[in-house]
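These protein sequences, in sequence, are chains A and B. Sequential numbering of the first sequence, starting at 3, is according to this note's numbering. Sequential numbering of the second sequence, starting at 85, is according to this note's numbering.
Hints are computed from structural coordinates only; laboratory data are not their basis. Everything numeric in this text was worked out from a predicted model, so none of it was measured. Incorrect hints may appear among the rest.
Said to hold, decoys possible - Listed below are the simulated DMTMM-like cross-link pairs for lysine to aspartate or glutamate, each with C-alpha atoms no more than 25 Å apart in a straight line:
#1 B:K253 x B:D193
#2 B:K219 x A:E87
#3 B:K219 x B:D140
#4 B:K219 x B:E252
#5 B:K219 x B:D181
#6 B:K253 x B:D226
#7 B:K134 x B:E122
#8 B:K134 x A:E87
#9 B:K219 x A:D14
Claimed, not checked - Label-pair restraints from in silico Cβ distances:
#10 B:R144 x A:A32: 44 to 50 Å
#11 B:A110 x A:P6: 35 to 41 Å
#12 A:Y43 x B:D207: 35 to 41 Å
#13 B:D207 x A:A81: 50 to 56 Å
#14 B:R153 x A:T27: 46 to 52 Å
#15 B:A180 x A:F40: 49 to 55 Å
#16 A:H16 x B:T197: 52 to 58 Å
#17 B:A229 x A:D30: 45 to 51 Å
#18 A:D73 x B:R187: 46 to 52 Å
Cβ atoms here follow ideal geometry from the backbone N, Cα and C, with glycine treated the same way.
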Amino acid sequence: MRIPCPYCGERDAHEFAYLGDATLTRPDPAAEDAEARFHDYVYLRDNPAGAHVEWWYHANGCRQWLKVERDTRTHAIAAARAAREADTPAGDAA
Amino acid sequence: MADRSSHDPLAGIAFDRLPPAGAYGAPGEPGVVASTAEPFVALVLARPGKAASVVDRLHRAFSVALADRPHAAIEGNTTVIGTAPGRFLVLSRTDADLFGTLRAILGTDATVTEQSDGYVTFDVTGDRVSDVLAKGALIDLDPVAFHVGDAVTTVIAHIGVTLWRSGEKSWRVLVGRSYEASFTRFLIASAAEYGLRLENKGSEGRG
Ligand SMILES: [Zn+2]
């Protein structure tokens, strides 16, 4: 699998570290039900077959975080953007 | 100079010691010549929104043809390498106070970090350099695709490197100092079939 880093160009996946789902939003730690929300946020994961939006860190390249749209069935990558520029609402990375 | 033209040019060399200068691998005219240098190095990181200003200031100070992208801008004794958005490695062969020079040039537009003790560079020249580097890298280094002035930060033989093509047959590879022995071993093993002449400081001291 090769990931098209917006700065470095297309690179082998082993240059990257994977964080996971980029659609999650960190809960408000001051909320009443913060503990339950953090449990869900940290531990519960969807496992979609198909389009997925993910965080990848280009550890052995530009050392920038990327927001990558990947099809989990084919590893086809529809888009990769710098996280610093991907500040659209969660799940809306198109 | 040692002659190590046997089938195993690394035989008898401790893995954590710098292999001595000499001829390795195939006898005759070497396909690759490698030597190390310890240039003065500093890292420049533009503050948010200041990348264009940093590019402009570095351009005016060093006359380098610079842009905010992964490439090597070389002018005289100064080399500026783009390694990330708004981030540049600056190398100088002569300016012992590169940090101070850059602070004066960049003012508050960027943070500057002294890195001279962190790195060594390998100057690698010859007809077979791209063939050798290709054995460890997962990017296309063929001279057709990788042009003079192109630069990448990537991995070669599991060692993080920044490398750039400084001329038609000359390349420079920046490696963390503690990986100098490991990267030298990669060069010896990978260049053995073409012949390698290694010109370095030898194995005394640093491992
Ligand atoms: Zn990158």
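Comparing the hints with the structure gives:
Taking the CA atoms of K253 (chain B) and D193 (chain B), the gap is about 36 Å. The hint is violated against a cut of 25 Å. A hinted pair counts as satisfied when its Cα atoms are at most 25 Å apart, and K219 (chain B) with E87 (chain A) does not qualify at roughly 35 Å. With a CA separation close to 37 Å, the supplied pair K219 (chain B) and D140 (chain B) exceeds the 25 Å bound. Restraint check for K219 (chain B) and E252 (chain B): the C-alpha separation of about 19 Å stays at or below 25 Å, so the hint holds.
A distance of roughly 37 Å separates the Cα atoms of K219 (chain B) and D181 (chain B); the hinted pair therefore is violated under the 25 Å criterion. The suggested pairing of K253 (chain B) with D226 (chain B) holds, with an alpha-carbon distance near 11 Å, which does not exceed 25 Å. Among the hinted pairs, K134 (chain B) with E122 (chain B) is inconsistent with the structure: their alpha-carbon atoms are about 29 Å apart, more than 25 Å. Note on K134 (chain B) and E87 (chain A): the hinted pairing holds, with a Cα-Cα distance of about 16 Å set against a maximum of 25 Å.
This hinted pair checks out: K219 (chain B) and D14 (chain A) have alpha carbons roughly 15 Å apart, not beyond 25 Å. Taking the beta carbon of each, R144 (chain B) and A32 (chain A) are about 49 Å apart, inside 44 to 50 Å as hinted. For the pair A110 (chain B) and P6 (chain A), the beta carbons lie near 38 Å from each other, so the given range of 35 to 41 Å is met. In this structure the supplied range 35 to 41 Å is violated for Y43 (chain A) paired with D207 (chain B), their Cβ-Cβ distance being about 50 Å.
For the pair D207 (chain B) and A81 (chain A), the beta carbons lie near 39 Å from each other, so the given range of 50 to 56 Å is not met. Checked against the hint of 46 to 52 Å, the C-beta distance between R153 (chain B) and T27 (chain A) comes to roughly 32 Å, which is inconsistent with it. For A180 (chain B) and F40 (chain A), the hinted distance range of 49 to 55 Å is satisfied, since their beta carbons lie about 51 Å from each other. In this structure the hint that H16 (chain A) and T197 (chain B) lie 52 to 58 Å apart at CB is violated, the actual value being about 27 Å.
The hinted window of 45 to 51 Å between A229 (chain B) and D30 (chain A) holds, with their beta carbons roughly 49 Å apart. Between D73 (chain A) and R187 (chain B) the beta carbons are some 47 Å apart, a value that agrees with the proposed interval 46 to 52 Å.
Checked against the numbered hints above, the structure violates hints 1, 2, 3, 5, 7, 12, 13, 14 and 16; every other hint is satisfied.
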